[in-house]
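Next come the chains, spelled out residue by residue.
There are 2 protein chains.
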Amino acid sequence: MEAIMIYMPIALALLGLLYMIVKQSWVMKQDAGDGKMKEISDHIYEGALAFLNAEYKLLAFFVLIVSVLLAIVAHFVETTSYLIVIAFIFGAIFSAFAGNIGMKIATKTNVRTTQAARTSLPNALKISFGGGTVMGLGVAGLAVLGLTGFFIIFFQLFMDGAWTNTMDMTIVLETLAGFSLGAESIALFARVGGGIYTKAADVGADLVGKVEAGIPEDDPRNPATIADNVGDNVGDVAGMGADLFGSYVATVLAAMVLGNYVIKDMGGNIVSEGFGGIGPVLLPMAIAGAGIIISVIGTMLVKIKSNNAKEAQVMGALNIGNWTSIALVALSCFGLVTWMLPETMQMNFFGEGMQNISSMRVFYATLVGLFVGAVISSVTEYYTGLGKKPILNIVQQSSTGAGTNIIAGLATGMISTFPSVLLFAGAIWASYAFAGFYGVALAASAMMATTAMQLAIDAFGPISDNAGGIAEMSEQDPIVRERTDILDSVGNTTAATGKGFAIASAALTSLALFAAYVTFTGIDGINIFKAPVLAMLFVGGMVPVVFSALAMNAVGKAAMEMVEEVRRQFREIPGIMEGTGKPEYDKCVAISTQASLKEMMLPGLLTIGFPILIAFVPLLFGMEPRAIAEMLGGYMAGVTVSGVLWAIFQNNAGGAWDNAKKSFEAGVMINGEMTYKGSDAHKAAVTGDTVGDPFKDTSGPSMNILIKLTCLIGLVIAPILGGHTAETGAVATENVEITADFAAKKVYVDFIIESNEYAKAIISVSSIIDDRVSTEELVISGTKAEVDAKIAELKSKSSQFKMDVTDNRTEK
Amino acid sequence: MEAIMIYMPIALALLGLLYMIVKQSWVMKQDAGDGKMKEISDHIYEGALAFLNAEYKLLAFFVLIVSVLLAIVAHFVETTSYLIVIAFIFGAIFSAFAGNIGMKIATKTNVRTTQAARTSLPNALKISFGGGTVMGLGVAGLAVLGLTGFFIIFFQLFMDGAWTNTMDMTIVLETLAGFSLGAESIALFARVGGGIYTKAADVGADLVGKVEAGIPEDDPRNPATIADNVGDNVGDVAGMGADLFGSYVATVLAAMVLGNYVIKDMGGNIVSEGFGGIGPVLLPMAIAGAGIIISVIGTMLVKIKSNNAKEAQVMGALNIGNWTSIALVALSCFGLVTWMLPETMQMNFFGEGMQNISSMRVFYATLVGLFVGAVISSVTEYYTGLGKKPILNIVQQSSTGAGTNIIAGLATGMISTFPSVLLFAGAIWASYAFAGFYGVALAASAMMATTAMQLAIDAFGPISDNAGGIAEMSEQDPIVRERTDILDSVGNTTAATGKGFAIASAALTSLALFAAYVTFTGIDGINIFKAPVLAMLFVGGMVPVVFSALAMNAVGKAAMEMVEEVRRQFREIPGIMEGTGKPEYDKCVAISTQASLKEMMLPGLLTIGFPILIAFVPLLFGMEPRAIAEMLGGYMAGVTVSGVLWAIFQNNAGGAWDNAKKSFEAGVMINGEMTYKGSDAHKAAVTGDTVGDPFKDTSGPSMNILIKLTCLIGLVIAPILGGHTAETGAVATENVEITADFAAKKVYVDFIIESNEYAKAIISVSSIIDDRVSTEELVISGTKAEVDAKIAELKSKSSQFKMDVTDNRTEK
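Chains as they are written, first to last, in this note's numbering: chain A, 38 to 849; chain B, 38 to 849.
Honestly, the hints are just simulated from the structure, not real lab data. Here the structure is a predicted model, which is why all the values come from computation and not from measurement. Be aware that one or more of the hints could be misleading.
If chains are identical, the list can't say which one is meant, so a pair holds when it fits in one copy or spans any two.
[As the list claims (entries may be wrong)] Derived BS3-like pairs (lysine-lysine); straight-line CA-CA distance at most 25 angstroms:
1. 426 x 594
2. 594 x 720
3. 66 x 340
4. 720 x 247
5. 347 x 426
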C-alpha cells in the first residue's frame, strides 16, 4: 500500500478530471435556448476565445524567452537541470489549458443557465454551479496531475525512484519549481491582463452607453456590451482560475521542499519510516489529491429544492457544500498525517535548535490553515457585506458628497487590514509553533485542498451574471432575470469572500515559498540588521504600491480607447440606436484584448525585472552570493508584507464601495430619510464605485500574483545564489579534515577555504541506526571564521551529549 | 581646545537662542496695525493659546502616567536609572516650550506681516520670515541645549566626566533616551492632534460657510473662521515644529549610541585619540551645534529688494539661504569629522566582520544625508508642483468626473513612492557602505543640521497664509492681499517640500534608532526567517495603515461636530449674517480643541500600545527576552517600511490633488478648451482636494511621528530585553574561565550559563598599547551552544593572528 502512495494523488486527480468530463458533457447536453440567446452566447464565447488566442500568442513568445533564460541558467549552473525548461513549459501549458477549460465551460454554461431559469430556479442553480464545478475540477485536477506527474518523472530520473539523500531530492524539487513558475507566469497574464480587460470593457460600456447614450446596461445596441460580458469571464473566471491554479501548485511544491528539509533535520534518511523514506514530501500531494475527491463530494451537496428560494437558501446550499468539504479535509488530514509521517520528527528551529515534533502537531498546523481559510471569508464579508456597519457608514457619508464617500471607503479598506493581518500573523505564528515552516506550508496546503470547491462557488457567480446579461439582451420574461439575479446576488457575496480566500492562499503560499527559498539558498536566515537587506525590504515594500498604480492607470488608458471606439460606432454606424444597424462587437473585443495585453507589460516587467536585477546586478559586480541571497530575501519579504496589505486594502475598499452603491437600489435610510437611486447621495456612491472598480477587480487581485511570482522567481534563482556557486571562483583551496567518532556516529568534514571571505565545509555524518548506515551531507558556508565557529559548535554539541570527540584536524 | 569641545554644542545652542530672542523682540516691535486687524489677530492668538493650554493639561496627565511607568521599569531593571524619568519630563517640557515659542511668534507675526504688506513686499517677507526664523531657532536651539545639557549631566553622574568603558556610556545614553521619548511624545499630541484640529476647522468652516451659507473664505461672519486660522498655526507651525524637534533629538541621540558602538568595536578605549575618548559620541552633537549657527547665517541671506518681485524671486531668496546652509554644513562636517574622529576606525559589519573605516568615509556618509535632504524635496516638488506632468494629468482626468480625478490622484501618490523609496534605499545602502550604521545615523544628523533653516522656510508659509486671512477679514486694500498671496503661494510650495524633508528625516531617524535598538538589546540582528519575527513584520506593516484610517475618520468626526456648531450659530445668533451679531468664535475653537484631543487618543494608543504589548505580553508568558527583542525589532521594521510608504503616498497624493484644484484658478487647458473655476472639472477637482486634505495634513504627516515614536519606545524598552535581564531568573550558574595570553593582550572570560536556552559570556580583553592598559568588555549571549561557538571563534581568530592561546578552560 505504502509503495503505491506516490501514485495515489495522480489517480485521484485523474478521477477528478473524469468526473469533470462527465459533468461537462452533462452541462453541454442542456438546452442552449433559442436563436437570439444562442447568438449572444456565441458572441461572448468567440470574444473570450479571441482574448485567449491573443493571450496565447503573447504567451508563446514570453514562454520562449523565459525558456531560453532558464536554459542559459541550466548551462552555467552545474546543479540546475535542463529539465527545468520542460517543467516550465508544461506548467505554462497546463495552466493555460485549465484556463481554457474554465473559460469554455463558463461561456457555454451562461446561456444554458438562462434557458434553465425559464423553467425553475433549482435548475438554473444546478446548471450554473455545474459549470463552476467543471471549472474548479479542471483547475485542481490539472494542477495535481501536472505537479505529481512531473515529480514522479524527476524522482525516477534523478533518484532512480528510490531515496538517496536530501541533496538529490533538492535537485528534484528545484527542477519541479519550473512547473510552478510556468503556472504562475500564466497567472500573471490571466489575472493582470484579465483584470485590465474586464474593467476597461466595463467602464467603456458604461461611460458611453449608460451615461452618454442613456441606454440600459447589457443593451444589445451597445457595441461594448459583448466585450463587457467577455470581461466577466476573462477576469473573474479565467483570472481567478489561473490565480488559484498557481497558488495550488506553489503551495504543494513549497510544502514538499520543506518536507525534504524535515528529512534533512532528521538525519537525511527516514527510509525505515516507510513510504520509501519520502513521507513528508509525499504528504502535501496526498492532501491535495484527497482534496479533489472531497471537493467532488462537496459540489454534489449543493442543491436547492424550492422554486421560490431566495438568496439565503442558495447561500445555505453553497455553505453546506463548503463546510462539509472543510470538515472532510480536516478528517483526511488527520488520517494522512498520522499515517504518512513518522510519529516523532526532528525539526530545526532557527535560533532555538532541534526540537522533537510529533505528527499530531503537524495535524494541528493543518487545522490552523483550515481555520484561516474559513475566518478570512467572514472578515471580508463583514467589511464588504450589504447591511453591515462599514457599508452603512459609507452610505451615510455619501450624503455629504463624493469626497466623504471616498474617505469612508478608503478608511474601511484600510481598517480591514487590522483583523486580516492579525489573523495571518496569528496563523503564521501558530502553525510555525506547531511544526515549523513545514507546518506553515501544510497549513496552506490544507487550506488549498478545497480549491476545486472554492472555484466552483466562485465561478458560478460570473456565470449567473452572464446569464442575467443574456436574459436582458435577448429580452426574456422578467421572471428569468429575477431568478438569475438571485444567483448573481449570491455570486457577488461569494466573489468577495473568494477574493479573501485568494489573498489568504497567496499570503500563506508566499510564506511557504519564502521559507523554501531560504532552505534552497542555504543561508542562515535573513537579517534585516544588514543595511543592504533593509534597503531591499524598503524596495520590496514599494513595488506593490507602484504596481497597483500602474494597473489602475492601465485600466484608465484601456478604457479611454474603448470609449473612443464606442463613440465612433454610435456616430458612424447608421441605425445603431434604432436597433436596425448591427454594432461591431468584435472591434470592441479586439480593443479590450489588445489594450489589456499591452498595458499589462509594464507591471509585468516590474514584477519579473526587479528580483532578477537584484540577483544579477550585484553578482556582476562580484558581490558575495550569500549576501545577495539575503538581499533578495529581504526584497521578497517586503513585497509579501506590503502586497498582502495592499491586496486587503484595495479588495475590501473596492468591495465596500460597490455594495454601498448597491445599497441604494433597495433604498437606504440617511438622516431619517429613505434615499434611493438617482439621489445626490447615490451619485456620490457611484463615484466611489468608479474608484473601487479597478481596486477590487484589477490592482487588488493582481497583488496575489505579484507576491507569489516574486517568491517563485526567488526560488528559481535560489540555487544560483546558494551553496552551488561555491564550485566557481575559488581563490585558494585548503582542506581540513576532522574525524569525530562518537557513539554510533562518524563525522567527516571537508573544509574548503576559497578565501577569507568565503569558505564552506561539507560535513558527512554517518549514523548507524538499527544496523543500517545512513549518511547525511550538510553544507556549511560563510566566512572562514563563521565556518570555523560552526564546526566548533558541532563539536561542542557532541560534548554536550557526553560523547568522546577525537579531533584529528590538521591544517594543510 | 579638545577638552572643552563637550561644551561647544551647548554654547552654540545658547548663541542661537540669543539670536532668536533678538529677532523675536525685533518682530514684536513692528507695527501690529489698526484696531480690527489687531482684534482678529488677538482672537487667533487666544485660540492658539486655548489649544495649547488644553493640550498641556492632557499632556501633564500623560507625562505623569508614563513617568510612573518609567519609574517602575527603573525600579525593576537594575541598569535603568531613575534619572530617565527626569530626562523624559524635561524632553516633554522642552518640546512643549519650543512649540509654545513657535505658536506665539507665529500668531504675533501674522498681523505684523499684514501691516508690513501695506507698505511693501520686501518688508512683508522680512517680517514673516523673521517669525519663521524665531520658530526655527527656538526648536533647534532648545533641542541641542536640552540634549547636550543632559548628556553632560549624565556623563558627570555616571562616568565622573571621564571615559571608563562602553558599558557605562551605554547607560548614559539609555538614560538620555528618556529625553528623546519625552520630545517625541509631545510630537504625537502636536502633530496628530494638530492635524485633526486644522482639518476639522477647515472642513467645518468651508462646508457650512462657503457651501451652505455662500460666504467667502475667511469671512468674519463665519464662526469657524478663527478656528480655521488657529488651525493653520496648530497644524502647520506647532505640529511641524514638534515633529522636527523630535527628529532632531532622536537623530543625534541615535548617532551618539552608534558612536559609542564604534568605540566598542575599536577596543573600548580611544582616549589616546583625544576628545576624552568620546569623539565619535560628541561628533553628532557638534554637527548639530554648528548647524544652528549655519542656519542663522542662512536666514540672514533671505531677502528681496524689489517691491514688484514675484513668486520666483521670493523662492530664489529662500533657495539662496537654503543652499548656502547646506553647503556650509557640508564644509563643517568635513572639518568636524576629520578633526574629531580617529583617522582610521574599526567597525563591525554584521556578517562581514571587522573593517577599517577612514574618517573620510564618515564624511562621505554625511554628504549622502545632505544629498537625500536636497533631492527628496525635488521629488516631492515634481509630483505635487503646479504645471508639472502629474498635476496636468490629474487636471485632465478631472474632466471625466470625480472618480477619475480620485484615481489619478491616488495613482500619482502611489507612483511617487518609486523614486522616493529608491532614493532612501540608495541612501541607506551608500551611507552604510561608507561607515556602517554610524554612517547612516550621521547622514541623518547632517541632513537635520539645517533644521532651523528648514523650519524658518516652512513656518513663514502659514504665517503668510494667516496674514492673508487677516487682510481679508479686516477688509484691507486688495494690494495687501496680493502681496500676502505671493508669499502664501511660495509657502505652499515650501510646505510640500518641507513635508518631503520631514519624511526623509523621519525615515533616516527611524533607521538610526532601529540600529541603536539592536545594539542596546545586544542581539545579533533581526532574522525574519523566524516565524514570530515575520509575523510581527506583518503586524508592524499593518499599523500605519490602520493609524491612517483612524486619523482620517477622526477628522470626519471632529468636522461633523464643527458643522453642527456653525449651523447652530447661524440659526440662533440674530443678525450674524448681516454682520451685526457677533459670532462666538471661542465656541468653535473649543470644539476643535476638544474634538482633536479626544480623537487622537485611539491612534495614539495604537502607537504606544502595540510595542508595549509585544514586549511585555510574551515576557509575562516566560518567553526568552532575546527572542522578544527580535520580534519587537521585526515590528519596528514593519512600521518603518510601511509608514514611510504611506507617508509618501498620502502626502504626495494630497499635495497633488490640492494643486490640481488650484490649477483651475488660473485656468487650465482640457481637451483644447480653457477651463476655469466653477466648471464641472473644477468641481471634480474640489472633491479630490476634499479627500486629499486629511491625507496631506493629518494622516500623512502623522506617519513620521508613528515610525519615530515606535522606534523610540523600542529603544527605551531595549535594555529590559537586552543583556541586562541576564541578572534575573538564572536557572543555574556555572563559570568557565579562559585565560588567553597572546602578544600584548590578555583575555578573561566569565561564562555564565543560566540554562541550555540562555547563557552569556562576559569577555574582558586587556590590551597594552603604547604602554597604556585599556580594557574592553564584550558581552556575548545566546544559547549555550551559540556562546560556546562564539568563544571558539574568538580562539580561532587569535590562532589566525599566529598567537599562542592557552586554554585553561575548566568546567565546574
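To see whether the hints hold, each was checked on the structure:
Taking identical chains as interchangeable, the C-alpha atoms of residue 426 and residue 594 lie at most 25 angstroms apart only when they sit on different chains, with a minimum of 16 angstroms there against 35 angstroms within one chain. Taking the closest pair of Cα atoms, residue 594 and residue 720 come within 25 angstroms of each other both inside a single copy (24 angstroms) and across two copies (22 angstroms). Taking the shortest Cα distances, residue 66 and residue 340 sit within 25 angstroms of each other inside one copy (19 angstroms), while across copies they are farther apart (86 angstroms). Taking the shortest Cα distances, residue 720 and residue 247 sit within 25 angstroms of each other both inside one copy (14 angstroms) and across copies (22 angstroms).
In this assembly of identical chains, residue 347 and residue 426 lie within 25 angstroms of each other by CA distance solely inside one copy; the values are 23 angstroms within and 52 angstroms between copies.
In the structure shown, no violation is registered for any of the earlier numbered hints.
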